[in-house]
Amino acid sequence: SQQGEEDPQALSIQEGENATMNCSYKTSINNLQWYRQNSGRGLVHLILIRSNEREKHSGRLRVTLDTSKKSSSLLITASRAADTASYFCATDERGGADGLTFGKGTHLIIQP
Amino acid sequence: DGGITQSPKYLFRKEGQNVTLSCEQNLNHDAMYWYRQDPGQGLRLIYYSQIVNDFQKGDIAEGYSVSREKKESFPLTVTSAQKNPTAFYLCASSIGQGRRGETQYFGPGTRLLVL
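Residue numbers (my numbering), protein chains in the order written: chain A, 1002 to 1113; chain B, 4 to 118.
No lab work stands behind these hints: they were computed from the structure. Certain hints may be false.
To be verified - DSS-like cross-link-like pairs, simulated, lysine-lysine; straight-line CA separation at most 27 Å:
{"id": "1", "chain 1": "B", "residue 1": "K60", "chain 2": "B", "residue 2": "K86"}
{"id": "2", "chain 1": "A", "residue 1": "K1027", "chain 2": "A", "residue 2": "K1070"}
{"id": "3", "chain 1": "A", "residue 1": "K1105", "chain 2": "B", "residue 2": "K86"}
{"id": "4", "chain 1": "A", "residue 1": "K1105", "chain 2": "B", "residue 2": "K60"}
{"id": "5", "chain 1": "A", "residue 1": "K1105", "chain 2": "B", "residue 2": "K12"}
{"id": "6", "chain 1": "B", "residue 1": "K73", "chain 2": "B", "residue 2": "K60"}
{"id": "7", "chain 1": "B", "residue 1": "K60", "chain 2": "A", "residue 2": "K1027"}
{"id": "8", "chain 1": "B", "residue 1": "K60", "chain 2": "B", "residue 2": "K74"}
To be verified - Just the calculated beta-carbon pair ranges, DEER-fashion:
{"id": "9", "chain 1": "A", "residue 1": "G1017", "chain 2": "B", "residue 2": "E18", "range": "29 to 35 Å"}
{"id": "10", "chain 1": "B", "residue 1": "L116", "chain 2": "A", "residue 2": "T1028", "range": "31 to 37 Å"}
{"id": "11", "chain 1": "B", "residue 1": "Q59", "chain 2": "A", "residue 2": "Q1015", "range": "41 to 47 Å"}
{"id": "12", "chain 1": "B", "residue 1": "S10", "chain 2": "A", "residue 2": "L1076", "range": "33 to 39 Å"}
{"id": "13", "chain 1": "A", "residue 1": "Q1015", "chain 2": "B", "residue 2": "D57", "range": "48 to 54 Å"}
Where is the CB? At the ideal position from N, CA and C, for every residue including glycine.
All chains should be modelled from the sequences, with the hints used to inform the complete structure.
This is the structure we're talking about:
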């Protein structure tokens, strides 16, 4: 079953603006990951944040994790048209190497 | 050129027919996974395998079968028992070896359509 839930389901912003999307989960985790999916393609790993980390940066991406609230946010700064995609959070709520639990995703549209 | 490949890109199934989706990886990963994605939805785990000759059911295994005879290959068969097979199927792999929450590497996907 889907444990992670992204919010909002869809987001449309102007190029150059910042985009923020959120993810909530239900049980304890070792880490949380964010993936991007372009239309009709496979998922691409963006960033992983461990449960003992609160914030992580990678280029124009900033991820935060609040384990007390069981939530994470992904911030994309200075958005570009090429950032148009669906973004998914994934957690290791299953345990072991038993696969990740994905949310339903946030569809981000960057208007030129 | 390391990576994970899936074929075909599009697959058409007739009623009552079994079809097999291919997934191959040359990343030397132990673990492999199959997910199903429906329009506007997240990924749901069908089957996964941590080592050769072993695999486990995921959340929606009914109507599907897999095999893991080689480390590099993890084919998925959609059987006639799967009444609603139209979906986008994604294969993934990770280093495995029991590590929790590893990064997964995805193939480009196969879109299955029912005629």
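Within a Cα-Cα threshold of 27 Å, do B/K60 and A/K1027 meet the stated pairing? holds, 22 Å
Measuring from beta carbon to beta carbon, are B/S10 and A/L1076 in 33 to 39 Å? holds, 37 Å
Check whether the Cα positions of B/K60 and B/K86 lie no farther apart than 27 Å. This hinted pair holds, its Cα atoms lying about 18 Å apart.
Taken at face value, is the distance from the CA of B/K60 to the CA of A/K1105 at most 27 Å? Holds - the C-alpha atoms of B/K60 and A/K1105 are around 21 Å apart, at most 27 Å.
Under the criterion that the straight-line Cα-Cα distance not exceed 27 Å, is the pair B/K60, B/K74 satisfied? Holds, at roughly 18 Å.
Proposed proximity, A/K1070 with A/K1027 (alpha carbon, max 27 Å): The given pair, whose Cα atoms are some 9 Å apart, holds under the 27 Å limit.
Decide if the proposed pair is consistent with the structure: A/K1105 and B/K86, CA atoms, cutoff 27 Å inclusive. Answer holds: A/K1105 to B/K86 is near 23 Å, not above 27 Å.
Is it true that the C-beta distance of B/L116 to A/T1028 lies inside 31 to 37 Å, as the hint says? holds, 36 Å
Take a quick look at whether A/K1105 and B/K12 sit within 27 Å of each other, Cα to Cα. holds, 23 Å
Restraint status (C-alpha distance of B/K73 to B/K60 at most 27 Å): holds, 18 Å
Taking 29 to 35 Å as the stated bounds, is the beta-carbon spacing between A/G1017 and B/E18 within them? Roughly 50 Å apart at Cβ, these two residues miss the hinted range, so it is violated.
Beta-carbon spacing of A/Q1015 to B/D57 - inside the hinted bounds 48 to 54 Å or not: Distance hint for A/Q1015, B/D57 holds at roughly 50 Å.
Checked against the numbered hints given earlier, the structure breaks only hint 9 and satisfies all the rest.
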